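Engineer: These are the residues of each chain, in order.
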Amino acid sequence: MIRAVALALVAAVAAGCTRGRTDEQKAADREAEMARGTPTVPAWVDGPWREGVFPPGVDDGEPIPGGTVTVRVRSEPGTLGYLIQSDWWLSRIILHDVNESLIRTDPRKHPEYPFIPELAERWEESPDLLRHVFHLRKGVRWHDGAPFSAKDVKFTIERILDPTVRAARHASTFVDLEAVETPDDHTVVFRWRKPYVWALNKLAEIPIYPAHAFAGLEGAAFNTAPFMRAPIGTGPFRFESWTEKKEIVFSRNDHYWGPRAHVDRVVYRIVTESNVAQQLLMRGEIDIEIDLTSEQYVQVAQERKLFDRYHRVRYFDANYGFISWNTDRPVLSDPAVRNALTMLFDREKVRTTLLAGLFRTADCIFYVDSPACDPEFRQAPYDPAAALRLLAERGWEDHDGDGVLDKDGLPLRFTVSIPSGNQWVEQALLVYRQALTRVGIEMDVQKLEWSVFIARLRAHELDAGVLAWVMDIESDPYTLWHSTQVEGGSNYTGYRNPVVDGLIEELRGEFSKDARMEIMQRINRIIVEDNPQTLLFNKPRQALFHRRLKGLYVSPMESFQVRDMWIDPAWREGGGR
Amino acid sequence: MGSYVARRLLVMIPTLFGITFVTFLLVHLAPGDPVSAAMGGDLRADAVSSEAIEHFRKEMHLDDPLLVQYARWLGKLASLDLGTSWRTGRGVGEQIAERLPVTVALGGSAMVLVYLIGIPLGVASAVRRGSLGDRATTLVLFVLYSLPSFWVGTLAILFLGGGRYLDWIPVQGLRSPGWESLSAMGRARDLVWHAVTPVVMLGYASLASVSRYMRTGMLDVIRQDYVRTARAKGLSERVVVYKHALRNSLIPILSHLGTMVPFLLGGTVIVERIFGIPGMGLLMFEAILARDYSLIMGITTATAMLTMLALLVTDLLYAAVDPRISYGKK
Numbered sequence: 038m039i040r041a042v043a044l045a046l047v048a049a050v051a052a053g054c055t056r057g058r059t060d061e062q063k064a065a066d067r068e069a070e071m072a073r074g075t076p077t078v079p080a081w082v083d084g085p086w087r088e089g090v091f092p093p094g095v096d097d098g099e100p101i102p103g104g105t106v107t108v109r110v111r112s113e114p115g116t117l118g119y120l121i122q123s124d125w126w127l128s129r130i131i132l133h134d135v136n137e138s139l140i141r142t143d144p145r146k147h148p149e150y151p152f153i154p155e156l157a158e159r160w161e162e163s164p165d166l167l168r169h170v171f172h173l174r175k176g177v178r179w180h181d182g183a184p185f186s187a188k189d190v191k192f193t194i195e196r197i198l199d200p201t202v203r204a205a206r207h208a209s210t211f212v213d214l215e216a217v218e219t220p221d222d223h224t225v226v227f228r229w230r231k232p233y234v235w236a237l238n239k240l241a242e243i244p245i246y247p248a249h250a251f252a253g254l255e256g257a258a259f260n261t262a263p264f265m266r267a268p269i270g271t272g273p274f275r276f277e278s279w280t281e282k283k284e285i286v287f288s289r290n291d292h293y294w295g296p297r298a299h300v301d302r303v304v305y306r307i308v309t310e311s312n313v314a315q316q317l318l319m320r321g322e323i324d325i326e327i328d329l330t331s332e333q334y335v336q337v338a339q340e341r342k343l344f345d346r347y348h349r350v351r352y353f354d355a356n357y358g359f360i361s362w363n364t365d366r367p368v369l370s371d372p373a374v375r376n377a378l379t380m381l382f383d384r385e386k387v388r389t390t391l392l393a394g395l396f397r398t399a400d401c402i403f404y405v406d407s408p409a410c411d412p413e414f415r416q417a418p419y420d421p422a423a424a425l426r427l428l429a430e431r432g433w434e435d436h437d438g439d440g441v442l443d444k445d446g447l448p449l450r451f452t453v454s455i456p457s458g459n460q461w462v463e464q465a466l467l468v469y470r471q472a473l474t475r476v477g478i479e480m481d482v483q484k485l486e487w488s489v490f491i492a493r494l495r496a497h498e499l500d501a502g503v504l505a506w507v508m509d510i511e512s513d514p515y516t517l518w519h520s521t522q523v524e525g526g527s528n529y530t531g532y533r534n535p536v537v538d539g540l541i542e543e544l545r546g547e548f549s550k551d552a553r554m555e556i557m558q559r560i561n562r563i564i565v566e567d568n569p570q571t572l573l574f575n576k577p578r579q580a581l582f583h584r585r586l587k588g589l590y591v592s593p594m595e596s597f598q599v600r601d602m603w604i605d606p607a608w609r610e611g612g613g614r
Numbered sequence: 033m034g035s036y037v038a039r040r041l042l043v044m045i046p047t048l049f050g051i052t053f054v055t056f057l058l059v060h061l062a063p064g065d066p067v068s069a070a071m072g073g074d075l076r077a078d079a080v081s082s083e084a085i086e087h088f089r090k091e092m093h094l095d096d097p098l099l100v101q102y103a104r105w106l107g108k109l110a111s112l113d114l115g116t117s118w119r120t121g122r123g124v125g126e127q128i129a130e131r132l133p134v135t136v137a138l139g140g141s142a143m144v145l146v147y148l149i150g151i152p153l154g155v156a157s158a159v160r161r162g163s164l165g166d167r168a169t170t171l172v173l174f175v176l177y178s179l180p181s182f183w184v185g186t187l188a189i190l191f192l193g194g195g196r197y198l199d200w201i202p203v204q205g206l207r208s209p210g211w212e213s214l215s216a217m218g219r220a221r222d223l224v225w226h227a228v229t230p231v232v233m234l235g236y237a238s239l240a241s242v243s244r245y246m247r248t249g250m251l252d253v254i255r256q257d258y259v260r261t262a263r264a265k266g267l268s269e270r271v272v273v274y275k276h277a278l279r280n281s282l283i284p285i286l287s288h289l290g291t292m293v294p295f296l297l298g299g300t301v302i303v304e305r306i307f308g309i310p311g312m313g314l315l316m317f318e319a320i321l322a323r324d325y326s327l328i329m330g331i332t333t334a335t336a337m338l339t340m341l342a343l344l345v346t347d348l349l350y351a352a353v354d355p356r357i358s359y360g361k362k
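Chains as they are written, first to last, in our numbering: chain A, 38 to 614; chain B, 33 to 362.
FYI, nobody ran anything at the bench for these hints, they're computed from the structure.
Since we're looking at a predicted model, the values are computed, not measured.
Fair warning: there could be bad hints in the mix.
Straight-line Cα separation of at most 30 Å, DSS-like style, residue types lysine-lysine; simulated pairs [what the hints assert, rightly or not]:
#, chain 1, residue 1, chain 2, residue 2
1, A, K484, A, K386
2, A, K175, A, K191
3, A, K188, A, K231
4, B, K108, B, K90
5, A, K191, B, K90
6, B, K90, A, K239
Reference listing, derived: stretches of chain A covered by chain B, where coverage requires no fewer than 3 residues with Cβ under 8 Å from a Cβ of chain B [unchecked claim]:
#, region
7, 182 to 193
8, 258 to 266
9, 307 to 315
10, 319 to 327
11, 479 to 489
Cβ coordinates follow ideal geometry from the N, Cα and C atoms, glycine included.
Take these sequences, add in the hints, and give me the full structure.
Structural biologist: Pasting the structure below:
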């Protein structure tokens, strides 16, 4: 009781202070608040640790074979069948390391990310993009010893096209495929009815499956084949064992067609709780952890023990978080209102206080470091005064004197839904709500369980939702932004713009990458200015890599590469650096 | 006695129908569906088209009327087929068979431990009612009861799990990384070492209720005439309490025992999650998040049957403890 009264007093005093402040005071307070969020770092840390980059030299030296690398996995995949299940960790574990594709995107060549041969030794593309010919590598064997051939490629594509197989995500790639032909055992020809400019990007993400492992398991039985829990591949690592809730183990494939991996074994250790993961890091039981929370990332910087043992690294892959506005709702249908709502979100304050300055404010709906994003272009900045002016211009004022802006009898009131378990989003929305309340906009926050959240978002039943997209380095905006994708696709905002539709269609037929980048910049400009989404942040991977590991690099493609790592046997705790 | 057991077993069948039917309706009518759950935590921008969703729903027969779906499930159950989990592609029965022993072993150990400590504590409190010892025990148990296990578990991992502070307990799973290479003795020791903390986390909160039940039961009995008579005969206090009074005061504890079973099967989710233990609680939790209907139904059926059996055993134990209760004749 006494505490409640005390809290009420504090609140009253605080409210009193807020009311009497001038704009300069407010600005000063904002600065001070931001400064408080900046972490202080102990004196013993070096530059790379502070900056979150690898020190020079982690990528050179003569590789030494042997040893086991242990990687922490935050969420256990349901199966190991990447073809039928879309899951970030699953793709990291399986794709290219166990089950290979025809080609691969070179993760080291920023920002072009060119294609390099994998199961296809070389390939030809007809100038009109209607025909792709892949010449397969000869002498490649599956992990069980069977030879790899064009039949396996054809089998994989046919499975993707089989509607009973849960590979719909890949199936959209082949809508315009006319035929897959195998003139001989080492040649595969894709013939297209219409050119699809991202065909190679997509093929680089499709794992080729061994036809012989699925004998008698066609149709829906394919989805539950034993293979999905014990995959057979052609890659540098072979599946060894899977103990549920504990670990998934792979060992080096000594008969790999290419340069062999250096480490003997990779253990993906399943640790759901981040507190427990941190404890295992303190004990040195984990070599790679890429899912540190922002709080942990700041906190581990203070740990001498972790500094001695790990590299602390922060890098960005292709993702952005946003508030998705339902543009079909009368209060949110006017772009000017959404602009105003965007200008009321103090992203810089949230970034520096709640996120310790680790995230980047997002200004682009494509991969942040790609040429599709114009570095000069920004989403409208935080500016409550301008937002209010804009709302007043459009007729949003408090006509009935209830403290909430209204227009034609419609109060400016809505609910933002968030999936549960995301603490910083919850806090950020508190900050946002304060800013909105101050100008007379009423916002409620509703937490929903993930599957409910997605189901209702897809059905356009929510006013607004906070979520993030994980994307490809060069991604097709069609399913997200084309007006035909409002029903059934992923255009959850309900955004319909004929100009954008036209540009998206133009993009799909544009063969020149430079021209595509140009179009994407235009699409981004239009969408961000219309604000069907208020862009929030690009979330970094916050990681620790053991100092005994060499051959390290990080990339927005596939994050890290176990096949290029080796363990320095001379490394000793404390003295080995 | 035999006919009583047979009658009870027969009553279980309609009860099981009731439980599974209500559960079936609940999980299917709850918002969210497997398709949305399948879209995972990291949402890919090109995730799922409506066509794919349709196929997925068709594969799982989600568009049939609920009663038809339930009938189909029952039909499969009749041939002892619990179905397949859509998320892992594994048989539901197989998954439960793998997880159940873990949970039963952990929960069972916790329960044995709780009763071994709780009963003497309760008796001692009752015998010395109002003494300093009684009050101190009450206070300590009440505090333990109030501490949530997710918090105590996290603290234990933080302070006892190595790293910066003490290195006393393992923090993950039930086996050390090099388990395969250990001798049989070594494996047993490793398992026990890993199980100690989770078992303590599972049990400590129940100590309060068990010892309180025991204390109340004992207090009721100890005031009765026959206990006074026993004392008057000149029997030692020890014999009076443990031989004459204890048996009669066990009945409330027994009813409590029956109700512990569902709690031990399902209530372990927090401890299992923190310590990364592959048990039933976690299986059910993940099944619900993934809207893995056949897995949810399978676990419900298994848990319901075990609970009903436990209640039956409890009722039979009444007869063993209390000669006034008998199921043999009218």
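Engineer: Hint by hint, say whether it matches the structure.
Structural biologist: Verification of the hints:
Proximity of K484 of chain A to K386 of chain A is assessed by CA-CA distance (about 23 Å); at most 30 Å being required, the pair is judged to hold. With a C-alpha separation of about 16 Å, the suggested pair K175 of chain A and K191 of chain A falls inside the 30 Å cut-off, and the hint holds. Annotation: proposed proximity of K188 of chain A to K231 of chain A holds, straight-line Cα distance about 24 Å (limit 30 Å). Between the alpha carbons of K108 of chain B and K90 of chain B the distance comes to roughly 18 Å, so the proposed pair stays at or under 30 Å and holds.
Proximity of K191 of chain A to K90 of chain B is assessed by CA-CA distance (about 26 Å); at most 30 Å being required, the pair is judged to hold. Our distance criterion of 30 Å between C-alpha atoms is met by K90 of chain B and K239 of chain A, whose separation comes to about 27 Å. A count of 0 residues in the region 182 to 193 of chain A with a Cβ less than 8 Å from any Cβ of chain B is obtained; the coverage claim is therefore unmet, three being the minimum. Counting residues of the region 258 to 266 of chain A whose beta-carbon sits less than 8 Å from any beta-carbon of chain B gives 5, enough to reach three: the coverage restraint holds.
With 7 residues having a beta carbon nearer than 8 Å to a beta carbon of chain B, the region 307 to 315 of chain A meets the requirement of three or more and the stated coverage holds. Residue count for the region 319 to 327 of chain A with a Cβ under 8 Å from a Cβ of chain B: 3. That meets the three needed, and the coverage hint holds. Look at the region 479 to 489 of chain A against chain B: 4 of its residues bring a Cβ nearer than 8 Å to a Cβ of that chain, three or more, so the hint holds.
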